[in-house]
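Asks: Sequence:
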Amino acid sequence: MAFYAGVAFLVALVPLFAAASAAGQPVVIEVHGHRGAMAAYPQNTLPAFRHAIEAGADYVEKDRTASRWKLSRRSGRLRWPR
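In this note's numbering, the protein residues as written are -15 to 66.
No lab work stands behind these hints, which were simulated from the structure alone.
Here the structure is a predicted model, which is why all the values come from computation and not from measurement.
You may find that some hints are simply not true.
Said to hold, decoys possible - Derived Cβ-Cβ restraints for the label pairs, each shown as a range: (1) Val(-5) <-> Asp47: 25 to 31 Å; (2) Thr29 <-> Gly8: 40 to 46 Å; (3) Ala24 <-> Tyr(-12): 18 to 24 Å.
Glycine included, every Cβ here is placed at the ideal spot set by N, Cα and C.
From just these sequences and the hints, can you work out the full model?
Replies: Structure (structure tokens):
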């Protein structure tokens, strides 16, 4: 079921890319590794982040981080230069 939902989502994006291309704007696609490559390694681990980077992700998003008060909170994403 998840596979078909993913395919439907990608098909729904086609008109958006076609409109941007027709307007003469470059289409930029960024690949995000949410929680690293969580299908290959446990999520939010260094091996998952490393695998996502090696697979070509533009961003790696870690889901949780510790605040200065030692509390767990949602976090932003990490980006590295290419």
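Asks: With reference to the structure, classify each hint as holding or not holding.
Replies: Cross-check of the supplied hints:
Taken as a hint, the range 25 to 31 Å holds for the pair Val(-5) and Asp47, whose Cβ atoms sit roughly 28 Å apart. Taking the beta carbon of each, Thr29 and Gly8 are about 42 Å apart, inside 40 to 46 Å as hinted. Checked against the given bound of 18 to 24 Å, the beta carbons of Ala24 and Tyr(-12), roughly 22 Å apart, stay inside it.
Comparing the model with each numbered hint stated earlier shows that all of them hold.
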